[in-house]
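**Q** Knowing the structure of chain A, use the given hints to seat chain B on it.
Number of protein chains: 2
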Amino acid sequence: MLSQKVVTNVSKGSMIRAMFEEGAKLKKIHGADKVYDFSIGNPDVEPPKEVIEAFKKYIQEPDIHKYMSNAGFDDVRARIAGKIQEETGISIGHNNIVMTCGAAGGLNVVFKTILNPDEEVIVFAPFFVEYLTYIDNFGGKPVVVQSDTNNFEPKAEELKKFITPKTKAIIINSPNNPTGVIYKEETLKEIAKVLEEKEQEYNTTIFVLSDEPYNKLVYDVVKLPSVLKIFKNAIIINSYSKSLALPGERIGYIAANPAIQDIEMLMNGLIYCNRVLGFVNAPSLIQKVVASSVDAVVDPDIYKQRRDLLYNHLTKLGFSCVKPEGAFYLFPKSPIPDDVEFKNIALKYNILLVPGSGFGGPGYFRLAYCVSLKTIENSLPAWEALAKEMKLI
Amino acid sequence: MLSQKVVTNVSKGSMIRAMFEEGAKLKKIHGADKVYDFSIGNPDVEPPKEVIEAFKKYIQEPDIHKYMSNAGFDDVRARIAGKIQEETGISIGHNNIVMTCGAAGGLNVVFKTILNPDEEVIVFAPFFVEYLTYIDNFGGKPVVVQSDTNNFEPKAEELKKFITPKTKAIIINSPNNPTGVIYKEETLKEIAKVLEEKEQEYNTTIFVLSDEPYNKLVYDVVKLPSVLKIFKNAIIINSYSKSLALPGERIGYIAANPAIQDIEMLMNGLIYCNRVLGFVNAPSLIQKVVASSVDAVVDPDIYKQRRDLLYNHLTKLGFSCVKPEGAFYLFPKSPIPDDVEFKNIALKYNILLVPGSGFGGPGYFRLAYCVSLKTIENSLPAWEALAKEMKLI
Chain A
0 MLSQKVVTNV SKGSMIRAMF EEGAKLKKIH GADKVYDFSI GNPDVEPPKE VIEAFKKYIQ
60 EPDIHKYMSN AGFDDVRARI AGKIQEETGI SIGHNNIVMT CGAAGGLNVV FKTILNPDEE
120 VIVFAPFFVE YLTYIDNFGG KPVVVQSDTN NFEPKAEELK KFITPKTKAI IINSPNNPTG
180 VIYKEETLKE IAKVLEEKEQ EYNTTIFVLS DEPYNKLVYD VVKLPSVLKI FKNAIIINSY
240 SKSLALPGER IGYIAANPAI QDIEMLMNGL IYCNRVLGFV NAPSLIQKVV ASSVDAVVDP
300 DIYKQRRDLL YNHLTKLGFS CVKPEGAFYL FPKSPIPDDV EFKNIALKYN ILLVPGSGFG
360 GPGYFRLAYC VSLKTIENSL PAWEALAKEM KLI
Chain B
0 MLSQKVVTNV SKGSMIRAMF EEGAKLKKIH GADKVYDFSI GNPDVEPPKE VIEAFKKYIQ
60 EPDIHKYMSN AGFDDVRARI AGKIQEETGI SIGHNNIVMT CGAAGGLNVV FKTILNPDEE
120 VIVFAPFFVE YLTYIDNFGG KPVVVQSDTN NFEPKAEELK KFITPKTKAI IINSPNNPTG
180 VIYKEETLKE IAKVLEEKEQ EYNTTIFVLS DEPYNKLVYD VVKLPSVLKI FKNAIIINSY
240 SKSLALPGER IGYIAANPAI QDIEMLMNGL IYCNRVLGFV NAPSLIQKVV ASSVDAVVDP
300 DIYKQRRDLL YNHLTKLGFS CVKPEGAFYL FPKSPIPDDV EFKNIALKYN ILLVPGSGFG
360 GPGYFRLAYC VSLKTIENSL PAWEALAKEM KLI
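Residue numbers (numbering that gives the first Met the number 0), protein chains in the order written: chain A, 0 to 392; chain B, 0 to 392.
Errors might be hidden in some of the hints.
Put simply, identical chains are the same to the list, so a pair is met inside one copy or across any two.
[As the list claims (entries may be wrong)] With a straight-line Cα cutoff of 20 Å, these simulated DMTMM-like cross-link-like pairs (lysine to aspartate or glutamate) come out: (1) LYS332 x ASP62; (2) LYS82 x ASP219; (3) LYS4 x ASP135; (4) LYS26 x ASP62; (5) LYS65 x ASP43; (6) LYS287 x GLU45; (7) LYS55 x GLU45; (8) LYS56 x GLU45; (9) LYS4 x ASP117; (10) LYS165 x GLU198; (11) LYS65 x GLU20.
The set of hints was computed from the structure by calculation and includes no laboratory data.
If we strip away everything but chain A, and leave its shape as in the complex, we get (with noise of 0.2 Å):
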């Protein structure tokens, strides 16, 4: 009756989903503060104050809920633009801005501008697991190339045997969900530097997406490196969610470097797929209100408070661990090879976590610290009676 590809994949399941619901369920058998539900990137904090200033301004205003370009309203485009070039360097105006209904609304009308039937996307894992489908949704073909274990960054090497003339793109993930981890600018440039080659030796382009909604939470770099500078091919999808805690409003846009060769048709093509797709435009208000909202940003220390207290409390209970410099996950080892048996365990101690199974980095789990430093602090025994089990300390 049904599409037999979605059935199957819904009988699938998500494994983050499911956590946030077993988590629900657990909540109202032992109550919110007994349950420590590190399942899901769902942000705690509330917007910055400029935010809801800007929605008060702009809700009476006329025309504010209107149609608008597909690709958004002009002086809101503007003025992304204007602050990427601010943080940047790299000159690029409005007409090279797509607002977006978030950051998995503009990777979606990306793949679906840019895919050919079977043509290929690479992916670091582990990786945030809905790029798979999104690429799926457009037939394309994900291929999942390993980062180094160490420290989680993508091994230019390791790349280069993957590559094939049907490469279309590559996702570039940094801050990294699930590993919280920042790619150095070394990593990127010798990334760069094999992607070149490869578009020579195979005359095509491909193109860098960077998905990168965690770029506002760092905390021990100064500064990201910009993939605008480094990849001639890149385009950025972005998203407010995480930087302005407005996950739920669905509100980023997709920036294309002015270098790329035919930018004119690649933009044509991203406002045309933003239409078609369904999302028409981003929504209206929403645009106006971050566009207001450029220099604000939530406060990263809450975030660097909770990874510090939850890094070092695992760690010193045995728990092997990258340490993250951004996004609010952390992505250690499992102390058994079987991540969603440990997920089991866990869950006995009220913990709830996601199994690195679901990323494609199985023998690990993410935990997402965007909880209160208050439930960290109530976990702390349960994470160190769940030590005790697994044999660590």
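**A** Chain B alone, transformed into the frame defined by chain A:
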């Protein structure tokens, strides 16, 4: 470098959007009050006061901008289900509602959920042209069935000829874009009879997708017939773009008839597709706003007045037109068979209209009268001059 299909479609362009751009150009040259732009369905009215009050109420509430279930907020879904129940008498709960990014988003979600490759979707001509693209997005085949040009209603006997074992759905769009016609209950019941016969013959399920964003903009009838009462396999796709004048905000819903077999699997499929197509969830704040405003509607008399003025003037001048009872469109016959040529002639008088070819209705043209009464009044002499050139008077 890009998707070949997208490149081809972009170069074909959208007739409606092309007129939209043409209009902007002409307005710069002649001044906005000298250009009569009937090209696009962008409501010129502001949302009802209930909407603005709801915005003010909700922007400061905690948790309002966060992720919720991919189906939308439960209380919002319950409120909308309640309103449907109130209006139709059909018992329907929040479980049968999915909040979407407008009707365009909703239709894409539905097609992804139900279509297998090469399955067919029946569309009555003339039609909202994006249907064809939405169906194609998911590998479906649009099958066009002509309406009765005497009244622009579908003909059940004609429909019957086009139903095959591959027919997965038909689209009903009443009040109709581009004709403004409302389908009579009797017509719908004849269609239901044909569908039941064919479903039995082929042992298939044929969904009736009722795209009804104009259902609150009705002028001469007391009440629209309810598709949920007439079609067992009805799926309503609706939006608040027109009824609350919020087209930029991208908010609508899918409501599926609880009587559908495997309704639970259908709902899970819709929720899954809402997620993986990158909508994730309908924008959050505006969900709460429309739920607070279910009883509100823009004043249909505003549009009725415009319809009467324009319809009466045009028919007096000799244009032939089925009198529309809803939406904000007129679909008169072009005085010459070549509707694109007629569009060009009208442009000389600064009248912007869209050729019927853009809606699978060659030989006609569409006027969107969601422009001020003043603009319509100002346009009357231009219409008269045009009628003279066309030798209608």
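**Q** If a hint holds in the structure, say so; if it does not, say that too.
**A** Against the structure, the hints come out as follows:
1. LYS332 x ASP62: neither (52 Å within a copy, 32 Å between copies)
2. LYS82 x ASP219: neither (22 Å within a copy, 52 Å between copies)
3. LYS4 x ASP135: both (11 Å within a copy, 16 Å between copies)
4. LYS26 x ASP62: between (44 Å within a copy, 18 Å between copies)
5. LYS65 x ASP43: Answer is between: at 8 Å across copies they meet the 20 Å cutoff, but 31 Å inside does not.
6. LYS287 x GLU45: So LYS287 and GLU45 pass the 20 Å test inside a copy (18 Å) and across (17 Å) alike.
7. LYS55 x GLU45: both (16 Å within a copy, 17 Å between copies)
8. LYS56 x GLU45: both (18 Å within a copy, 16 Å between copies)
9. LYS4 x ASP117: both (17 Å within a copy, 14 Å between copies)
10. LYS165 x GLU198: Intra 11 Å, inter 43 Å, cutoff 20 Å: intra-copy only.
11. LYS65 x GLU20: Between copies only: 16 Å across, 36 Å inside.
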